[in-house]
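K.L.:
Using the sequences and the hints, build the whole thing.
Chain by chain, the residues:
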Amino acid sequence: MLVPLYGFLEGDTLGLVILVQDDQPVSEVARALQEAASMRVPPRDGMAVYRDGQRLDPDRKVAEAGLTPLARVDVRMESGR
Amino acid sequence: MLQREQWLDLARKLDWEYTYVSEREVFPEPVSGAPWLPHEAWSTWDEPYRTSYPEYVATQHAKEASVAAVQDAVGRLDDYRKLDPAWLSSLKLHAAALPLAEFDAVIGQLRAARFGRDSAWRNTALLGALDELRHTQIPLALMHDLVQWDPQFDWTHRFYHTNDWVAIAARHLFDEMLLLADPIEFAIATNFVFETGFTNLQFVGLAAVSQSVGDRMFEKMLGSIQTDEARHAQIGPAVIELLVEHDRGTVQRLVDKWFWRSWLLFSILTGFSMDYLTPLEGRQGSFREFMGEWILEQFQISLDRFGLARPWYWDQFVESLDRYHHMVYVSAYTYRATVWFDMPLPGPAEREWLAAKYPTTWAEFDPLWERITERWRDAGPGVEWFSHGATPVAFCDLCQLVLCGGSPRHNTARTVVHGDRPYIFCSEPCERLFLDEPERYRQHRDVVKRILAGEAPANLLELLRLYFGLQQDHWGKDVARGAYPWLGRR
Numbered sequence: 000m001l002v003p004l005y006g007f008l009e010g011d012t013l014g015l016v017i018l019v020q021d022d023q024p025v026s027e028v029a030r031a032l033q034e035a036a037s038m039r040v041p042p043r044d045g046m047a048v049y050r051d052g053q054r055l056d057p058d059r060k061v062a063e064a065g066l067t068p069l070a071r072v073d074v075r076m077e078s079g080r
Numbered sequence: 000m001l002q003r004e005q006w007l008d009l010a011r012k013l014d015w016e017y018t019y020v021s022e023r024e025v026f027p028e029p030v031s032g033a034p035w036l037p038h039e040a041w042s043t044w045d046e047p048y049r050t051s052y053p054e055y056v057a058t059q060h061a062k063e064a065s066v067a068a069v070q071d072a073v074g075r076l077d078d079y080r081k082l083d084p085a086w087l088s089s090l091k092l093h094a095a096a097l098p099l100a101e102f103d104a105v106i107g108q109l110r111a112a113r114f115g116r117d118s119a120w121r122n123t124a125l126l127g128a129l130d131e132l133r134h135t136q137i138p139l140a141l142m143h144d145l146v147q148w149d150p151q152f153d154w155t156h157r158f159y160h161t162n163d164w165v166a167i168a169a170r171h172l173f174d175e176m177l178l179l180a181d182p183i184e185f186a187i188a189t190n191f192v193f194e195t196g197f198t199n200l201q202f203v204g205l206a207a208v209s210q211s212v213g214d215r216m217f218e219k220m221l222g223s224i225q226t227d228e229a230r231h232a233q234i235g236p237a238v239i240e241l242l243v244e245h246d247r248g249t250v251q252r253l254v255d256k257w258f259w260r261s262w263l264l265f266s267i268l269t270g271f272s273m274d275y276l277t278p279l280e281g282r283q284g285s286f287r288e289f290m291g292e293w294i295l296e297q298f299q300i301s302l303d304r305f306g307l308a309r310p311w312y313w314d315q316f317v318e319s320l321d322r323y324h325h326m327v328y329v330s331a332y333t334y335r336a337t338v339w340f341d342m343p344l345p346g347p348a349e350r351e352w353l354a355a356k357y358p359t360t361w362a363e364f365d366p367l368w369e370r371i372t373e374r375w376r377d378a379g380p381g382v383e384w385f386s387h388g389a390t391p392v393a394f395c396d397l398c399q400l401v402l403c404g405g406s407p408r409h410n411t412a413r414t415v416v417h418g419d420r421p422y423i424f425c426s427e428p429c430e431r432l433f434l435d436e437p438e439r440y441r442q443h444r445d446v447v448k449r450i451l452a453g454e455a456p457a458n459l460l461e462l463l464r465l466y467f468g469l470q471q472d473h474w475g476k477d478v479a480r481g482a483y484p485w486l487g488r489r
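Line by line, the protein sequences give chains A and B.
Letter 60 of the first sequence, counting from 1, is numbered 59 in numbering that gives the first Met the number 0, and no numbers are missing.
Letter 425 of the second sequence, counting from 1, is numbered 424 in numbering that gives the first Met the number 0, and no numbers are missing.
Honestly, the hints are just simulated from the structure, not real lab data.
Owing to the predicted nature of the structure, the values given are computational and were not obtained by experimental measurement.
Wrong hints could be hidden among the right ones.
[Said to hold, decoys possible] Which bits of chain A does chain B cover? Going by a derived footprint, with three or more residues having C-beta under 8 Å, they are: (1) 37–45; (2) 52–58.
[Claimed, not checked] Not close to chain B: a few residues of chain A, all C-beta gaps over 10 Å, as computed: (3) Met0; (4) Glu9; (5) Gln20; (6) Asp21; (7) Asp22; (8) Gln23; (9) Pro24; (10) Ser26; (11) Arg30; (12) Tyr49; (13) Ala62; (14) Glu63; (15) Glu77; (16) Ser78.
C-beta atoms are modelled at their ideal positions from N, C-alpha and C, and glycine is treated no differently.
P.N.:
Now the structure itself:
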């Protein structure tokens, strides 16, 4: 099932709506958002997905991570990097 | 024959004493506004212009003749051809946003002309309605001649009839402010906050910029409209002066609400124009400087006059002065096909100017422009899509504008579940305004939710063509199509 998410990329200026499958890994959220914003912000390695300030495991599936339609996610440089 | 001062108050202050109906029946609270006060509380209502109808007609006739004379002299197609293309975009932006919003204001003024609580208020509002009709007609007439030359000018009339995202946001604001508001809310929202607080001063500032870029027609139009606005805007302070004695809380709540609602769209219209669409050599100062000198100072004086406090979000507002319109402009530039005017890419000289004018924040935005510039260098002139987004943009459930609050480091968007639905807001003030009046706002769907509901296409090209009403010949492009002398090729 497709899950639309409000995505905010660190360094970017606006929120985007990204679509991911609920059985895709959380890392796909970071990849999709960086790709969507790539004309403004160059994609970088080491970006993590955060929900309510909590880093999500990049290998967990979107559904397992509790990402429901129209949830807000932030993609930013992993803490400590 | 009676002298003016002998008959004027008899004409302006002519209120009836009701015998077979009650005052509440003549002025029902739902359309007259709250708090409902007996006429005795409003009987000293007055404003400084005290214009009679014959005086109004004579003055307006002279203004019309003056605008027509300038149009004859410098308002022809050849005159517009000489203007900088970026400035023409400023003209298209204002030409679309202004006239039919003014037509909404006719309705708001007419409601006050019937349901305002004192006859002097009603008389002033009636002249205000005639003003707003004039402000509808002038830009429509001036821009109509340009449509044959440039189809983007057709949006002067089309804009509010489309589902373009900017039009949805503008309608969301103006329908509430101008069509829905009762005379009390209209007086505070439109006459006091929007006109006295923002546009009356904006017209002065933009008229000066228009002169510096050689657009004498726009300068004349703004100047002519401003003199009308300065008069009918006096309704706002006159209403507030009496209302604060009875219900200061309502006045403060409405000021807080409408200052934020007005600010967001105002900063896009005026911030874009002053900091991006005005050619560098014509800039009078930055949008931030204009806001500090004209709006903040004057608005503070207006609040002090009535013992009102600054809106509760004042610190957030002041922070947004250095960022919000920059956030929106770079976002909109990379979605320029979703608007009806072309947008310039800031070059080295413009970026240097912006860095000097925004010393504390520009460093946050410059890397994005560097990236976009690099994309143009890679793609070459004419390849718009390489610096253009294709992913749907998210919108605020209150202001309906893009989620561009805060800074590139921290976007201030906030999510909340109300009832059984998730909502998202660009900022704390938008969230609070929504939660203050959820029944008023909760049914409205932003563009994203329309897409998800199947009301609008998800594919960007289909969204532009079928839903926003934009076609390739007139949707927004880079103003130079990427062919800037300073750009070079990789």
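K.L.:
Are all C-beta atoms of chain B more than 10 Å from that of Gln20/A?
P.N.:
15 Å, holds
K.L.:
Quick one: work out the minimum CB distance from Arg30/A to chain B and report holds if it exceeds 10 Å, violated otherwise.
P.N.:
The claim holds: Arg30/A sits with its nearest Cβ about 13 Å from chain B, beyond 10 Å.
K.L.:
Per the stated criterion, does the least C-beta distance between Pro24/A and chain B lie above 10 Å, as a non-interface residue requires?
P.N.:
Holds: least Cβ distance 19 Å, greater than 10 Å.
K.L.:
Find the nearest Cβ of chain B to the Cβ of Gln23/A and say whether that gap is larger than 10 Å.
P.N.:
16 Å, holds
K.L.:
Does the claim that Met0/A lies outside the interface with chain B hold up, using a Cβ gap greater than 10 Å?
P.N.:
It holds; Met0/A is separated from chain B by about 13 Å at its closest Cβ, greater than 10 Å.
K.L.:
Quick check for students: does the CB of Glu9/A sit more than 10 Å from each CB in chain B?
P.N.:
7 Å, violated
K.L.:
Would Ser26/A pass as off the interface with chain B, using Cβ distances and a cut of 10 Å?
P.N.:
Holds, since 18 Å exceeds 10 Å.
K.L.:
Non-interface claim for Tyr49/A: all C-beta distances to chain B beyond 10 Å?
P.N.:
Check passes; 12 Å lies beyond 10 Å.
K.L.:
May I ask you to check that Asp21/A keeps its beta-carbon over 10 Å from the closest beta-carbon of chain B?
P.N.:
Holds, because the least Cβ-Cβ distance between Asp21/A and chain B comes to about 15 Å, which exceeds 10 Å.
K.L.:
The output says Ala62/A does not contact chain B. Does that hold with a beta carbon cutoff of 10 Å?
P.N.:
Since the minimum Cβ distance to chain B is about 17 Å, Ala62/A lies beyond 10 Å and the statement holds.
K.L.:
Classify the label on Glu77/A as holds or violated, using whether its beta-carbon is more than 10 Å from each beta-carbon of chain B.
P.N.:
16 Å, holds
K.L.:
For Asp22/A, is the shortest CB-to-CB distance to chain B above 10 Å, so the non-interface label stands?
P.N.:
20 Å, holds
Of the numbered hints stated above, those contradicted by the structure are hints 2, 4, listed in ascending order.
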